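*Asks:* Chain residues, written in single-letter form:
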Amino acid sequence: MGMTRPFRCERCGYDLSGVSEAALCQECGTPVEDSRPERRPGIPWQHSGTPLGLLATVRMYITTPIGIYRAVRIESRSMGRLLVVNLGLSLFIGLVPSAVVAIVGRRDLITTVTSGVTHRLADPLPAVLFVLNSLVIPIALVTVWVIARFVAPRQKPPLARAVTWCSAGISSTAAVIGTTAAVLLWSLRYATIPEETLPLGASTGYYHLMTAAPLLAYLGILCASGVLDAYANRHNRLANSLDPIP
Amino acid sequence: MLRRTVLTVSCVLLATASTATADWSNLGGNQCRNGLSDAIGPATPELVWGTGPSSLIAWSPCVEGNRIFVVRQTAFAPSGVPNDSKVYALNLTTGATLWSFVCPYAPGDWTTNVYGVNNGRVFVGRGGNGSSVSAPVFCLDAATGGILWSSTEEVATGSYDGVVFTDEGDPIFATHLYIRRLNRLTGETMWNTVRNCSVSGDCGPALSGNSIYIDEVGPGGQKITHVNATTGAKLYSSPIMPGFTSQNTPMCGPDGRVFYARTQTNPSVDFMYAWQDTGSAFTPLWSAPAIGGAGSNHGLTHDGGIVMVGLNGKLQVRDQVTGALRHETRSTVTASINQSHVAVDGNGTIFYGNGGFPGTIFSFSPDLTVRWSIAVNNLNQGGPVLADNGTLLVAGTGTDFRAYRTEPPCADADLDCDGSVGPADLALLLGAWGSSDADLDGDGLTGSADLAILLGSWG
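Each protein sequence line maps, in turn, to chains E and A. Position 81 of the first sequence, counting from 1, maps to 82 under our numbering, and the rest follow consecutively. Position 443 of the second sequence, counting from 1, maps to 444 under our numbering, and the rest follow consecutively.
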């Protein structure tokens with residue numbers, strides 16, 4: 002006799018093993034059929050693992066962030082690929098400022114304090130993005146793998162292995178969006194203000210805030226992604242996967 | 002005013018005096034799980050109070066004395082734990098919260114259940130979810146909600162299984178894999194017996210005297226097994242009731258009669274079976290086509306009838322011994338998801354809840370004529386539950402939690418409304434002499450004519 006996987010209601014988590022597909026969940030009344038993993042339509046990336054599929058997924062993530070969790074098919078392979086592609090893309094996009102600075106040259110920020118002394122300050126964002134992505138991306142990959150490999154199998158749904166990959170795959174879209182937003186903000190300033198003069202008497206705090214704005218946008222998008230993931234997991238319970246039984 | 006005060010006092014006294022026999026202590030209402038009660042339910046849907054703590058799912062309340070014990074669930078575990086499913090003790094008269102209890106949560110635990118209440122002890126726990134989750138049982142003081150003990154051995158019994166209590170008050174827990182008796186004072190396991198039920202999560206016991214009845218899987222179907230409540234020994238089983246799976250619990254009646262709705266969604270094998278437990282074997286009485294629905298609890302009537310749902314979706318009363326159809330409703334009573342819950346009051350009034358999403362609570366005369374019905378959103382296990390003082394409880398979702406009650410009528414001369422005219426009524430009349438409080442003849446004053454009426458009604 003082969004192993005069977007628990008089959009749970011996606012709304013309340015009740016064990017539906019052995020229950021007729023035509024029935025309703027005994028606990029919350031949700032149709033059993035609605036919890037079938039194959040019932041989910043899948044996200045664009047799962048239909049087409051191409052740049053177009055990736056773009057459509059990013060668009061869906063921005064326009065219907067909850068809908069993407071409702072649509073995603075719970076399986077590890079395609080979502081693991083999405084995670085790797087997204088993180089790789091983030092790393093690449095994060096390298097852009099450093100590359101531009103290396104090729105075109107540095108654009109400094111100039112601030113003049115009340116004593117008349119002018120300070121020329123380097124823009125730290127290219128370095129920060131480079132270091133951040135270089136560190137965060139490998140750590141993220143290793144963390145997800147450890148959770149999916151060792152933690153998830155010991156936990157009850159919704160933290161099943163495939164769910165871990167799905168959540169990580171979807172959330173990694175935020176890294177692409179965040180990095181892109183940060184680089185766009187930076188490049189906008191870089192291109193339009195060759196040497197930026199901060200207002201007279203501007204404090205160094207203002208300077209830090211201004212230079213950190215793209216970074217804050219990046220981190221803000223990542224945090225929003227975490228909240229979104231928690232919300233979606235809570236309300237959709239991503240309980241039943243299409244992965245083959247190990 | 003006097004009359005109302007006396008009525009209230011006497012009702013409270015009456016409720017206290019008959020606590021042991023009419024409390025709705027567990028799923029199914031009593032140890033036989035047949036919904037039979039001596040209390041007199043509401044004649045009309047007169048709402049006494051109608052709101053309670055909010056809940057996503059309508060869980061079955063239990064009642065002891067003037068306290069209601071119920072889980073109100075605000076999140077699906079593991080979200081919001083441990084506050085996801087608090088146990089509440091509510092005042093039966095007013096609906097006010099007396100205390101609440103947050104059941105300790107360990108990773109993987111499920112929504113809290115109130116298993117039942119017996120002799121001032123409330124039994125709760127986080128086991129269940131189709132018996133896939135085992136957790137300790139907590140025994141609470143019904144008055145305060147304080148923990149009296151927690152079991153060292155975990156149980157996987159859930160809300161739909163239900164629990165019964167021995168005469169001593171020991172709870173009997175069951176899952177699809179075992180049946181177990183816990184000591185009411187310590188929580189220690191007194192015995193544990195292996196069993197095999199077809200669908201986990203709906204495998205509760207019924208208890209009559211020292212006889213526990215459970216359903217088990219047999220070759221080609223289910224069978225009823227008699228378990229000794231003292232030792233846990235399985236003594237004998239019924240012949241097979243053909244079918245694949247079933248998600249109901251046996252129900253017992255007087256004189257060794259045992260009933261079981263062996264139903265799934267296959268009309269060719271879906272029957273209500275009646276068995277006679279002879280003390281050494283089960284002999285068949287009758288069987289009739291039936292709809293069960295998962296987690297259903299059916300009912301018995303005081304005059305030897307059984308309340309069940311026929312294959313046509315209509316509520317039926319059949320003779321317990323012969324199976325002959327006595328009455329049937331004109332219309333169907335079932336819902337898209339049907340989970341029958343029945344309460345039969347001392348007048349023979351039948352209260353039926355179909356557990357639907359949305360659901361309906363019906364009130365029927367003994368001949369199954371509809372008296373009234375009320376709609377309840379996502380009824381599930383939420384009722385009907387009949388308290389000892391005749392209050393009908395219906396738990397819904399959101400803050401929907403209703404108590405219906407009709408003040409019992411009493412004879413004019415029965416001033417304390419205790420069902421007879423006696424010295425207490427005489428004392429009340431004499432105390433009201435000269436006022437209008439005990440005016441029986443309608444002349445506006447309590448006097449000799451009223452005294453004559455009272456004496457004429459003596460007894």
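It is possible that part of the hints are untrue.
Unchecked claim - One side of the interface only, derived from the structure: several residues of chain A facing chain E at Cβ under 8 Å: (1) Leu48; (2) Trp50; (3) Thr75; (4) Phe77; (5) Asn130; (6) Val200; (7) Gly202; (8) Thr246; (9) Thr266; (10) Thr361; (11) Ala376.
Rather than coming from a laboratory, the hints here were simulated on the basis of the structure. What you are looking at is a predicted structure, and each value in this text was computed from that prediction instead of being measured. All C-beta atoms, glycine included, are put in the ideal place defined by N, C-alpha and C.
*Asks:* Against the structure, test the hints numbered earlier, and report the numbers of the ones violated in rising order.
*Replies:* 1, 2, 3, 10, 11
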